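Undergrad: Generate the whole structure from the sequences, applying the supplied hints.
Single-letter residue listing:
Protein chains: 2
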Amino acid sequence: MYIETKLRSLLKAISWRFFATLTTTIIIFVFFGRLDLAIAAGLIELVIKIMVYFLHERLWNKVKIGKKKIEPFVLWFTGLPKSGKTVIADKVYEKLKKWEYIPIERIDSKDIRDLLPEIGFDRESRKLHLKRVGILIKILQKNSISVVASFVSPYKETRDCVKEMTKNFIEIFVKASVETCIKRDDKGVYKEALEGKRKNFTGVSDDYDEPANPEILLDTEKLTIEESADIVFEYVKKRFYKDL
Amino acid sequence: MYIETKLRSLLKAISWRFFATLTTTIIIFVFFGRLDLAIAAGLIELVIKIMVYFLHERLWNKVKIGKKKIEPFVLWFTGLPKSGKTVIADKVYEKLKKWEYIPIERIDSKDIRDLLPEIGFDRESRKLHLKRVGILIKILQKNSISVVASFVSPYKETRDCVKEMTKNFIEIFVKASVETCIKRDDKGVYKEALEGKRKNFTGVSDDYDEPANPEILLDTEKLTIEESADIVFEYVKKRFYKDL
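Which chain is which? The protein sequence lines are A and B, in order. Per the numbering used here, the very first residue in the first sequence carries number -4; after that it's consecutive. Per the numbering used here, the very first residue in the second sequence carries number -4; after that it's consecutive.
Honestly, the hints are just simulated from the structure, not real lab data. Quantities reported herein were computed from a predicted structural model and do not represent experimental measurements. A few of these clues could be false.
Same chains, same names: a pair is fine if it fits in one copy or spans any two.
[To be verified] Within a straight-line C-alpha distance of at most 20 Å, the following computed DMTMM-like cross-link-like pairs (lysine to aspartate or glutamate) qualify: (1) Lys192 x Asp31; (2) Lys105 x Asp214; (3) Lys93 x Asp214; (4) Lys233 x Glu(-1); (5) Lys59 x Asp109; (6) Lys194 x Glu159; (7) Lys133 x Asp106; (8) Lys137 x Asp85; (9) Lys92 x Glu119; (10) Lys105 x Asp181; (11) Lys217 x Glu187; (12) Lys137 x Glu89; (13) Lys62 x Glu(-1); (14) Lys1 x Glu52; (15) Lys217 x Glu(-1); (16) Lys105 x Asp117; (17) Lys194 x Asp85; (18) Lys59 x Asp225.
TA: Printed below as a string of structure tokens:
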């Protein structure tokens, strides 16, 4: 979030004066037909009005009228391990950050571990964990911050729970078949799961409820990371920031 | 956080025009001595410049120059149970919220329990818990949000840890003797602690390291809640928002 500094007010005053005095001088010239007087009046106006404009800006800085509170959203990326959630979410976050119009935070199942203690991967633990993530998002949204979140979040029930807790929840289903995910698996997590070394592994030894009506479906077998990120970014702009 | 709406730009244009056209008309009148022409030129200016001003505002809305990123702070209220931390912190939060210039969040040992699971009151648990609080504050500050936090936080070590993790950490020592706190104890927590029903109770069965150099010391045996809150609020304004 930003504060309007005095420097900004001054720069605006000068920039405005350029356009405004030009207009005034032309108006006077058209009315009186005398360029010398038109320019003289313009010069006087130049000096006086820069000061008046500056004070006008400072005054408006105290007035809240017409300032619209930002409506924060959540981009919730769900999908199998290795479907591409994190990498696409990272890219979307980068784009939104660079865009600069809204405050935005990134939450990933990995970074969240420092804040929220690790718990198990059984159904109840996953539910509790994502409920806590929901509380965190709520705190952020209360302060106008939107969130890019990526979690396997395999159960419809838990995704719905976060959806209910938060505002403008956008479910983004990052789709890839288990076979594709296994092919992409550079860390060998699927291998370990298939060998039984990892319990409750989504897609192997635990269910994944495919979203029935996601706001956005990204088929990563057909779309590149860049294309997927663009789709999400454009969706956000169209849906929430038409007015900018 | 807020967005500058088109309505705001329009209202500013109209408000500006009132002052500016008045100035122009006076300048023309002084130069040419003809009130009729001065008013006619003023009227033409009125119409043209409202449009030019509006466009100028919209243009500046895309420009970031002179917008200063808000420097978020933490007001960290520490003190014995029943010293008055929570009630003073609540009042300060209310004041800052009403002030409207900065985004502000309130964190209390009580509300935080939904997000961060309850852990014990032994030294290690307290340290871990406050470290997590520190991580949460860091996330909020990254998004320009300042925090009003109230925690017993009895150990110097843990307070220093949060201080190091965060920006503009203001330690506020809410002072009251154990005797005074016992007198204020409407819930009987001290009684339970003295009877041995509560373990590791700060001030009874666990140490409280008094802050050696707190930024603000509030002696609640001498100051009312309102006075204490005013002191903190004025401190924040003086230290961080001289320019507003």
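Undergrad: If a hint holds in the structure, say so; if it does not, say that too.
TA: Here's how the hints hold up against the structure:
no. : hint             : verdict
1   : Lys192 x Asp31   : neither (89 Å within a copy, 92 Å between copies)
2   : Lys105 x Asp214  : neither (23 Å within a copy, 43 Å between copies)
3   : Lys93 x Asp214   : neither (25 Å within a copy, 47 Å between copies)
4   : Lys233 x Glu(-1) : between (27 Å within a copy, 18 Å between copies)
5   : Lys59 x Asp109   : neither (38 Å within a copy, 34 Å between copies)
6   : Lys194 x Glu159  : neither (29 Å within a copy, 38 Å between copies)
7   : Lys133 x Asp106  : both (18 Å within a copy, 13 Å between copies)
8   : Lys137 x Asp85   : between (23 Å within a copy, 17 Å between copies)
9   : Lys92 x Glu119   : neither (34 Å within a copy, 37 Å between copies)
10  : Lys105 x Asp181  : within (17 Å within a copy, 43 Å between copies)
11  : Lys217 x Glu187  : neither (27 Å within a copy, 65 Å between copies)
12  : Lys137 x Glu89   : between (22 Å within a copy, 15 Å between copies)
13  : Lys62 x Glu(-1)  : both (13 Å within a copy, 5 Å between copies)
14  : Lys1 x Glu52     : both (9 Å within a copy, 16 Å between copies)
15  : Lys217 x Glu(-1) : neither (45 Å within a copy, 39 Å between copies)
16  : Lys105 x Asp117  : within (17 Å within a copy, 28 Å between copies)
17  : Lys194 x Asp85   : neither (27 Å within a copy, 45 Å between copies)
18  : Lys59 x Asp225   : neither (34 Å within a copy, 24 Å between copies)
Checked against the numbered hints above, the structure breaks hints 1, 2, 3, 5, 6, 9, 11, 15, 17, 18 and satisfies the rest.
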